[in-house]
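Chemist: The primary structure of each chain is shown beneath.
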Amino acid sequence: MKLLKSLTAITGLALLAAASNVAAGTLDDVKKKGFVQCGVTTGLAGFSFPDEKGNWTGIDVDTCRAVAAAIFGDAKKVKFSPLTAKERFTALQSGEIDMLSRNTTWTLTRDTSLGLNFAGVNYYDGQGFMVKKELGVKSAKELDGATVCIQAGTTTELNLADYFRSNKMKYTPITFDKSDETVKGFEANRCDMLTSDQSQLYALRIQLADPGSAIVLPEVISKEPLGPVVRQGDDEWFNVVRWALYAMLNAEEMGITSKNVDNMKKSEDPGIRRFMGLEGIKGSGLKLPDEWAYNIVKHVGNYGEVFDRNVGQGSPLKIGRGLNALWSDGGIQYAPPIR
Amino acid sequence: MAVDEKESLAPAKPSLWRDPNARAIVFQVIVLAAVTLFIVFIIKNTLHNMESRGISTGFDFLGNESGFGILQSLIEYNESSTYGRTFFVGLLNTLLVSALGIFFATILGFAIGIARLSRNWLVAKLAMVYIEIFRNIPLLLQIFFWYFAVLRALPGPRQSLNVGDAVFLNNRGLYLPRPVFEDGFGLVLWVLGVAIIATMVMTRWAKRRREASGKVFHTFYASLALLIGLPLLAFLISGAPMSWDVAALKGFNFRGGLGVIPELAALLFALSIYTAAFIAEIVRAGIQGVTHGQTEAARALGLRPTPILHLIIIPQAMRIIIPPLTSQYLNLIKNSSLATAIGYPDLVAVFAGTTLNQTGQAVEVIAMTMAVYLSLSLLTSMFMNWFNARMALVER
Ligand SMILES: N[C@@H](CCC(=O)N[C@@H](CS)C(=O)NCC(=O)O)C(=O)O
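Going line by line, the protein sequences match chains A and B. Counting along the first sequence from 1, when you hit position 42 you're at 42 in the working numbering, and nothing is skipped either side. Counting along the second sequence from 1, when you hit position 132 you're at 132 in the working numbering, and nothing is skipped either side.
You may find that some hints are simply not true.
If you want the ones that stay clear, here's a sample from chain A, every Cβ over 10 Å from chain B, calculated [said to hold, decoys possible]: (1) Pro-50; (2) Asp-51; (3) Lys-76; (4) Lys-86; (5) Ser-139; (6) Lys-141; (7) Gln-207; (8) Leu-208; (9) Ser-213; (10) Lys-223; (11) Met-264; (12) Glu-268; (13) Gly-314; (14) Ser-315; (15) Ile-319; (16) Gly-320.
Quick list of the computed label-pair ranges, beta carbon to beta carbon [unchecked claim]: (17) A:Gly-54 x B:Asn-45: 38 to 44 Å; (18) A:Glu-52 x B:Ser-327: 49 to 55 Å; (19) A:Lys-133 x B:Leu-232: 49 to 55 Å; (20) A:Asn-260 x B:Val-150: 54 to 60 Å; (21) A:Pro-211 x B:Ile-133: 33 to 39 Å; (22) B:Phe-41 x A:Leu-108: 32 to 38 Å; (23) B:Pro-138 x A:Gly-54: 46 to 52 Å; (24) A:Gln-207 x B:Ile-196: 40 to 46 Å; (25) A:Gln-313 x B:Ser-80: 39 to 45 Å; (26) A:Leu-278 x B:Ser-80: 55 to 61 Å.
Here are the simulated DSS-like pairs of lysine-lysine, each with C-alpha atoms no more than 27 Å apart in a straight line [to be verified]: (27) B:Lys-207 x A:Lys-178; (28) A:Lys-168 x A:Lys-223; (29) B:Lys-250 x A:Lys-138; (30) A:Lys-170 x B:Lys-250; (31) A:Lys-133 x B:Lys-334; (32) A:Lys-168 x B:Lys-250; (33) A:Lys-132 x B:Lys-334; (34) A:Lys-141 x B:Lys-250; (35) A:Lys-318 x A:Lys-259.
FYI, nobody ran anything at the bench for these hints, they're computed from the structure. By construction, the Cβ of each residue, glycine as well, lies at the ideal position given by its N, Cα and C atoms.
Input sequences plus hints: build the corresponding full structure.
Modeler: Take a look at the structure:
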């Protein structure tokens with residue numbers, strides 16, 4: 001069945017590649033069909049997670065919503081495709097989805113050999129380890145000989161191999177397709193530890209039956225800049241996705257929030273007026289309505305708000321801003337100006 | 001009319017165009033050429049378009065370092081091996097679970113199929129319940145069931161179930177002592193080879209003699225003595241050149257010994273048990289397909305039940321059983337790709353999974369994977385067809 005599923009996706013890819021020439025015009029397609037088709041995880045708290053009613057929430061979900069809000073002035077015009085790590089790139093290449101927003105690490109290989117482009121970074125992460133408390137392990141250096149649960153088709157698989165190799169330690173990898181299988185394997189004691197991007201470890205930890213039974217080790221062994229991805233060769237669409245993200249960052253920097261955005265519209269500040277689409281280039285460069293940035297903040301919120309309610313203090317994950325604070329607050333989130 | 005008759009009377013060769021044979025060949029060549037051209041066109045076009053979209057193509061990636069670990073490998077493999085090698089690691093793991101699955105499913109299936117026809121009410125009903133249950137639950141659920149049920153039931157490595165400090169069972173696997181062959185073990189293998197040939201010769205001789213004279217020679221015990229006794233003797237004479245590598249708990253896990261991972265066990269259980277239910281029905285149908293008159297005629301000749309089964313029923317039933325059995329074998333091989341759900345590193349999980357994803361070369365990887373399943377299926381079919389031809393009734 002799995003084989004069948006990937007077969008259809010790949011036949012689709014081959015046929016599509018055989019039929020049409022360049023993957024251009026996603027923005028026009030999206031406008032025509034009236035919604036954004038967005039690839040997300042099969043369920044990872046804080047990033048993209050469906051509740052019982054099928055409503056998706058998460059920081060990656062909000063990136064898609066921001067794009068929809070910029071285009072349609074309506075953050076609900078998004079359809080989500082849950083994808084495993086293995087399926088995600090083929091789904092984007094074959095045109096099954098318009099954008100991929102699925103805690104995906106930006107690497108040289110992915111950016112240059114898959115026919116895809118990363119449009120920005122919505123979360124700076126790094127790989128960490130979660131172990132059973134009862135093992136009494138305090139540091140990743142004590143993990144020689146451990147059995148590790150991981151997810152197939154991730155950078156995690158590669159970093160893990162690198163880390164153990166360079167520290168001359170041995171490990172046994174158990175590779176699952178979906179994160180809930182990975183978690184089940186960990187809970188059923190098939191492995192001693194689970195490794196993934198650190199933010200995701202906190203998310204997986206609260207999905208455990210007994211979160212107290214596991215601890216996240218302090219080591220961070222890699223750089224995992226996560227961000228939205230689009231098809232290569234479609235600059236128009238690339239710009240829309242990238243600037244939707246930048247608008248959220250700029251809004252936070254300027255102090256524009258979903259609550260005060262209507263008031264701020266009356267501001268005399270030229271920067272804010274440009275943001276609201278009242279002055280300057282407005283929406284014409286992006287081929288979007290003039291109030292595109294206003295709509296993003298109004299319907300989705302600024303980056304700080306999105307971070308806070310999904311993974312920060314307003315969420316069960318309670319992850320600190322760390323690297324993801326604005327550059328002006330000691331972090332590295334930095335967006336070019338809207339002008 | 002008259003003209004026609006004349007023509008048909010004269011055996012003059014028709015023009016090439018009128019000759020149905022020649023025409024058939026011409027048409028076939030045209031169709032074949034068209035299909036080939038079409039495929040070449042598709043491939044070229046796909047390659048061109050993938051390139052223009054910035055997707056890497058070609059098979060060069062097979063020589064690059066893989067950089068990821070694999071849970072189980074029958075050949076030497078580590079993170080610095082190539083992607084090409086991950087293909088073979090995955091392929092061998094698929095072959096391993098398929099071969100073992102076919103073996104156990106066949107044994108279990110035949111046993112249950114025969115039990116289903118038992119005159120003992122309880123045995124027959126139990127066999128029926130087995131068939132109905134396992135045939136009707138989706139295989140993927142059965143795989144998950146065995147995997148998580150087995151894992152949950154077993155203790156961790158530090159509390160392993162332990163048989164004589166040699167065999168350990170825990171949720172990381174079953175650890176058996178691994179035989180280590182030392183110099184001189186070659187002799188035992190040689191003797192085993194000789195014993196196998198001797199057994200084959202003996203079986204032939206016994207068959208010929210039975211056909212010629214009707215005298216029966218029971219080859220079973222003689223074969224057993226040859227196959228086990230002779231190598232054992234050689235083993236003892238050469239001074240028992242073998243030792244055991246027993247697994248031991250080191251750090252988190254057991255090291256050494258021969259480990260059977262729970263993923264393999266669960267997948268094997270599920271595949272064998274599921275497929276056995278279908279095979280049982282095939283066996284039942286095969287046996288019932290042999291008319292009752294055959295049994296009665298054999299009884300009338302004074303044959304006893306066991307020879308009736310061996311000499312009359314089974315040879316005729318096999319004729320009915322083998323073709324559908326072949327498709328069950330093919331199903332089992334293809335179903336083994338569900339392995340990826342529980343992390344058993346088969347071809348689909350390793351090569352069409354991780355390798356595909358890390359290199360992004362979906363078209364190449366999937367083409368190779370499809371070619372493997374196609375060849376495996378064709379090879380199995382070919383073997384079973386050959387077997388079928390051998391088992392078919394030779395009518396005199
Ligand atoms: N950032 C890494 C890892 C991404 C990843 O797939 N993480 C897992 C965490 S266990 C996940 O999100 N799983 C959710 C799912 O399978 O739907 C990558 O891009 O390769």
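Chemist: Confirm or reject each hint.
Modeler: How the hints compare with the structure:
1. Pro-50: For A:Pro-50, whose nearest Cβ neighbour in chain B is about 20 Å away, the distance exceeds 10 Å, so it holds.
2. Asp-51: Given a closest Cβ separation of 24 Å, the condition holds.
3. Lys-76: Check passes; 31 Å lies beyond 10 Å.
4. Lys-86: The claim breaks: A:Lys-86 does not keep its Cβ more than 10 Å from every Cβ of chain B (closest is about 5 Å).
5. Ser-139: holds, 14 Å
6. Lys-141: holds, 13 Å
7. Gln-207: holds, 16 Å
8. Leu-208: At about 15 Å from chain B, A:Leu-208 clears the 10 Å cut-off, so the statement holds.
9. Ser-213: holds, 13 Å
10. Lys-223: The assertion about A:Lys-223 holds, with a minimum of 16 Å to chain B.
11. Met-264: holds, 41 Å
12. Glu-268: holds, 46 Å
13. Gly-314: holds, 34 Å
14. Ser-315: Non-interface label on A:Ser-315 holds, nearest chain B Cβ at 29 Å vs cutoff 10 Å.
15. Ile-319: holds, 27 Å
16. Gly-320: With a cut-off of 10 Å, A:Gly-320 remains clear of chain B, as the shortest Cβ separation is near 31 Å.
17. A:Gly-54 x B:Asn-45: 38 to 44 Å: Roughly 39 Å apart at Cβ, these two residues keep to the hinted range, so it holds.
18. A:Glu-52 x B:Ser-327: 49 to 55 Å: violated, 42 Å
19. A:Lys-133 x B:Leu-232: 49 to 55 Å: For A:Lys-133 and B:Leu-232 the Cβ distance comes to about 52 Å; the hint holds.
20. A:Asn-260 x B:Val-150: 54 to 60 Å: Given range 54 to 60 Å: holds, Cβ gap about 57 Å.
21. A:Pro-211 x B:Ile-133: 33 to 39 Å: holds, 37 Å
22. B:Phe-41 x A:Leu-108: 32 to 38 Å: Since B:Phe-41 and A:Leu-108 have Cβ atoms about 33 Å apart, the given range 32 to 38 Å holds.
23. B:Pro-138 x A:Gly-54: 46 to 52 Å: violated, 24 Å
24. A:Gln-207 x B:Ile-196: 40 to 46 Å: At 56 Å between Cβs, range violated.
25. A:Gln-313 x B:Ser-80: 39 to 45 Å: Once the Cβ atoms are compared, 44 Å apart, the range 39 to 45 Å for B:Ser-80 and A:Gln-313 holds.
26. A:Leu-278 x B:Ser-80: 55 to 61 Å: holds, 59 Å
27. B:Lys-207 x A:Lys-178: With Cα atoms ~57 Å apart, B:Lys-207 and A:Lys-178 exceed 27 Å; violated.
28. A:Lys-168 x A:Lys-223: Holds: A:Lys-168 and A:Lys-223 sit about 21 Å apart, inside 27 Å.
29. B:Lys-250 x A:Lys-138: Holds: B:Lys-250 and A:Lys-138 sit about 18 Å apart, inside 27 Å.
30. A:Lys-170 x B:Lys-250: holds, 12 Å
31. A:Lys-133 x B:Lys-334: violated, 40 Å
32. A:Lys-168 x B:Lys-250: Given that 27 Å is the threshold and the Cα spacing comes to 16 Å, the pair holds.
33. A:Lys-132 x B:Lys-334: violated, 36 Å
34. A:Lys-141 x B:Lys-250: holds, 16 Å
35. A:Lys-318 x A:Lys-259: holds, 22 Å
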